[in-house]
Each structure stands twice: as C-alpha cells, then as structure tokens.
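Note that the protein sequences, when read in sequence, are chains A and B.
Letter 257 of the first sequence, counting from 1, is numbered 257 in the working numbering, and no numbers are missing.
Letter 91 of the second sequence, counting from 1, is numbered 91 in the working numbering, and no numbers are missing.
In short, the hints are calculated from the structure, not lab data.
In this text the structure is predicted, and so the values were computed from the model without any measurement.
Possibly wrong hints are sitting among the right ones.
[As the list claims (entries may be wrong)] Using 25 Å as the maximum straight-line C-alpha spacing, the simulated SDA-like pairs for lysine to any residue come out as follows:
#	chain 1	residue 1	chain 2	residue 2
1	B	LYS84	A	ASN387
2	A	LYS429	B	PHE34
3	B	LYS152	A	MET16
4	B	LYS43	A	PRO142
5	B	LYS127	A	GLY219
6	A	LYS250	A	GLU282
7	B	LYS84	A	PHE392
8	A	LYS446	A	LEU457
9	B	LYS152	A	HIS409
10	A	LYS383	B	LEU130
11	B	LYS127	A	ILE385
12	B	LYS43	A	GLN450
13	B	LYS135	A	ILE388
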Amino acid sequence: MNVNVMSSFIAIFYPMNLLFIVLGVGSGIMVGALPGLTATMAIALLVPFTFAMAPIHGLVLLGAIYCGAIYGGCFSAILINTPGTPSAIATTFDGYPLAKKGEAYKAIVTATVSSVVGGLIGVLFLIFLSPPLSRASLKFGPPEFFWLTTFGLTIIATLASKSILKGLIGGAFGLLISTIGIAMIGGSVRFTFGTVSLQEGIGLIPALIGFFCIPEVLGMIEKKERHYHVITYRKQKNVVLNVMRKLLKKPVLVIRSAVIGTIVGIIPGAGGNIAGLVSYNEAVRASKYPQKFGRGIVDGVIASETSNNAEVSGSLIPLLTLGIPGAPPAAVLLGALLLQGMRPGADLFTVHAGVIYTFIFSLILANLLILPMGIYSGKLVSKLITNIPVTFLAPFVVFLSIIGSYSIHNNIFDVYVMVFFGIIGYVGKKVGFGPGPIVLGLILGKICEQGLVQSILMGRAAGSIVSIFFTRPISIILIFLTVVSACWPILRKFLGGAKKK
Amino acid sequence: MLADFKKVSGWGKEEMKNADRISSIVILGLCAYFWYESTRFTKFGSLFPQAVVIALSLLALMLLIVSFFRRREKVKAFEQTGVKYINIVIAGLLIIAWTFFIKLLGFVVTSAVFFSVITIIFDSKKKTALYLLKKIGVVVATVVFFYLFFSKLLLVPFPKGVLF
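Based on the provided sequences and hints, a complete structural model is requested.
What follows is the structure, given as structure tokens:
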C-alpha cells in the first residue's frame, strides 16, 4: 500500500479527526431525524463554519454529517411515518408498519445495521473507483468537459424532477445564473444590473444556502401546526445479533441494494430518495413473497437503508474525480472543496492526496460509528422529534443561513443573494421547479461554458470546429450517453407501451 | 383574511391552475431581457449565454404550449390543504426585513429581535409573560453564543450598525 494512503488511514485516528467524526455523525443523526431538516441543508449551513478549519477537519466533519443525516432519516420514517430526509421515503413503507406491530426497535436496529453495511460497501466502491477515474479525467480536454456537463444536465433533468420539461428548464435557468459576472473568455461584464458585487458572479455557497434552506424554512412554517405522534418502543435483548444474522442470510438483497445505491449515487443529480425507491422496487420484484412488502417486513427496510447509505459514497465518486456532484448534498460538498482551494480531478488524488484519502477513510469510521450511536441514541432522538418546536427551528435555520452566507466574504450582499434565491427557490418549488436541477445547472454552467468556448478556439486553431467536438473517442462516448439519456423518457414510454401490448 | 390574500396575490384556485402558464411567460420575459443584454457583450462573452437563452426560451415555449393541453389537476400549485399562505408571506417579509436591518441596527440586535418575533408569532400557544420571557431568553442566548463563537473564535466581523 502506498505510504501516503497508509498515513492517511492512520490520520483518521488523530484525536481532532476522531472528535469531528463523532460530532458529525451525532449531529447528522439529529438533523436527519428531524423532519424538515435535510442532509443538504445541514451541510449547506455548515460549509461556512468549516471555512476557518483545516481542510481535513472541515471535510471529515461534513462527510460524517452527510453519513449521519442520511441514516438519521430512518428514525422519523419508522417512528412517525414521516421521512426525516427524502432518502428515507422508502423506509416508511415497511418501517412504520413494523413499528405499529410493536417491532419499532427491531426496525431501527435493522435500519442501523443495513445503513452501516450499505455505507461500508459504498466506501469500498469510492476507494477503488475514484483513483482510476481521476486518472482518466487527465484525458479530458475542453470538448470532453463540455459533453460531460451536457450529459450531466440531461440526466439531472430526467431524474431529479417530476416533470422532465421543468427539470430541463431548472437546469437551463441554473446555467443562465452561472453566466452572471465577468466572462472567463472575452472579459464582458454580464448581467450585473450595474451592481459591482455581481461582477464576481453569483456566490455558490449563498446560492446553495438560499435554494436549499429558505424553502425548507418556509415549508416548516406551512406545517407549523403539525404534531407528531411518536411510537414508543423498548430495547429488546439479542435483537442486534438476530438482525445481523438475518442480514448475513440475505447477501443478495444486501449487495444488490448497495450496488443500486452506489450506481444511483454516481449518476449526477439522482439522490438517496431515488436510490431507496429503486432498491425497494427491485427487492419487491426479486422477493418470493412480494405481497408481504408494505405490511411490515424487514426486507423492505434493508433494501431502502442499505441503498441510501451506499448512495452517499457513490455520489462522491463523480464529485471527487470529475467535479460533477452525484447528489444535492455532494453539490454542497463541492462548495466546501472549492472553498478550501481544492479542485476536483486528478489533482485531488496527487497534490491533495493526504487530505482526500483521510476524508475517504473517515467515511469508513463514520459508517461504523453509526452502529453504536444509532442504537443507543434512539430514545434521545425520538424525544428530539417531539420536543423541538418548529417555530424555533425555522428562525434558527434562517439565523444560521444569514451567518453562513455572510461569513464567507464578510459581505452583506451575499446575504441578500441568499434570501433572493431562497424566495425564488420556494416559489419555484411550489410551481414544480425543484432546486436540484437549478443548483446543478449553476455548478456545471462555468465548466460547460469554459469547455464550449475553449473547444471552439481549439477547433479554429486546428481548422475544424466540428472534428474537435465530434471525433474524439471520449467525446463520442459522452455524446452517445447524452443522446440516450435525453431520449430515455420517450424510450421508456415506448418500451412500457410495447410491454402492455 | 386568507380569502383577501388570495384575491390580492392572485393565487386563488382558478389562478393556481395557470401556474405553468404564468411561469413560462415569466421565463420568456426573462429570456428576452437576457438576450437584449447579451447583444452588448463580446463575441465569446455572448456565445454561451445566448445559447442558454435560446434553449431556455424553447423549453419555456414548450411548457406554455403543453399547459394548454394539460388536464387541470396536473397544473395545481399552491393548493395544499390547510396551508396558510398569509403566514408564508409574513415569514418571507420578516426574513427580508431581518437581512436589511442588519446593516442598520447591527447583527446581534436585529437577529435577536427578528428571531424572537418569528418564534413567537408563529407559535399558537398562549402568550403569557413567562412564556415570552422564556422564549426571548432562549433566543438571546442562542444569538449571543453564535455571535461570540463567530466573532471571537472565527474572527468574522459582523456588521455593527447603530446599535450592536
């Protein structure tokens, strides 16, 4: 094993790193368990806090929060039939019926053990896929980056939104926002409305906080009268061991769910909710007793929870290697990386190898910590769900959003940007434009524009613009994937129609 | 009050079904403005924005056309039952005011005031003196803790304004 990799592994046991991992997992579980607070929101709010930290501490903390929050969603899914995070939607299908049958503890332990196993399998994929992919990214020139971002946008639109058309509009709107500021090539001052502060462009972190936090705050105020009825439960002996034994007897279900989670995570823009639902659907299809699903069966909880935690590491694979986030929380992590002066790609695995490998290995420890922390914090978490009033939580998130967006540049204009996009995000969400495609359009916009303009310049110099875009091998593969992804909804309808016939 | 709001805001039941139409028209207007602006940029500065504007306009146009052929239930927006949109408007205005008063009154005072106001006005519990004291106490403690954490530990200089 490379010495650098070995020292990175040892680094996760440094006291400060350990402390941040424990803090991250603990706070992540609490955030995930509270309906209305999502993993994306938690990471978006905390990115500015990590600004003053050493890069490794910041990344380790955010990674642990990501793992903890995605897992934490299972508590409210099982105990109150409301997914704490969108990733836990499929967990409600069987988790809540199990809890109603008096098996809440068994459901929580199953979710915990499945999350740990799924998370660990996901990290293995991250460890083994990232270095070769990052080396492949060295072969990417401007045309490849242009096609990669185009592919990313088509897939975001088809997967991340209920309406493909609205998803595409959201993505294009994000691209348009990304053009605000001084042009990278040509130097034009674009769409600044005479505001000097806009010349630098729209700040990624304020926009992310706005799009992901303010709509959630207003959503909390919408539902402020809601009172949750938490199913009480007692710890039972031998449940942990029994669940582990059960999981060992179902290797196909576990591995299939983890692989689905990782693959969905790698696909740009598709989050844990899609991973959980796809995995649950496959579990039903492959089961010998599909009629039992939805009535309280552990297989349903295993499928959903294994998959959504595997998705965490999966979403980091395209992020760390190509700079394309696999899921909304990963998009926010990209902001954290950029804030620390680290650009995704081969550089991350060479120049910043120490930091990145420690970050990746810290995810192993974070996932392992979920086991004791999840099992022993159950009572505390269920109290938290009922005792923290939404009327306090909502302004608290606004307060943190203001601090977060202000503290990066110490500029009040960033706070205005955050609020502006927050309101746009809320109205957009209400009329069917989810924040995911907009944010990913905003992130991919700059890479896409740079790829397009530089490719044209290269084409001019080489004598043929067309050949630069359409004849390079990696470009051809990416064009093929883009076309398939763009036509997929039509293809799916056609195939569905043929099947029905 | 809710009925009045719906009348004023235009988000009544009949208008709600037109959400797609309204949003596509707004996007088309935005595209027209961005196109007009982009004509002043250099050749390479305008290339990407113009391509995006064209794509966005076509998509918005498609949404507009599709909205005329869609059944009513599919274009519902702002129609969740039991949601008091007047609360959302008030919350939105309070958040905007919060950010604007920071520079004027200072971060700590503005945050303590608006944090308390939002916490109290949206709570349906009976507002006794003890209740108010408790809530304001918790909010002030939270604000001061975070202020000290950021300004003393992370050295973030928050705007001071007239007060603090």
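Exercise for review: Would you list, in rising numerical order, the hints stated earlier that this structure does not obey?
Suggested key: none
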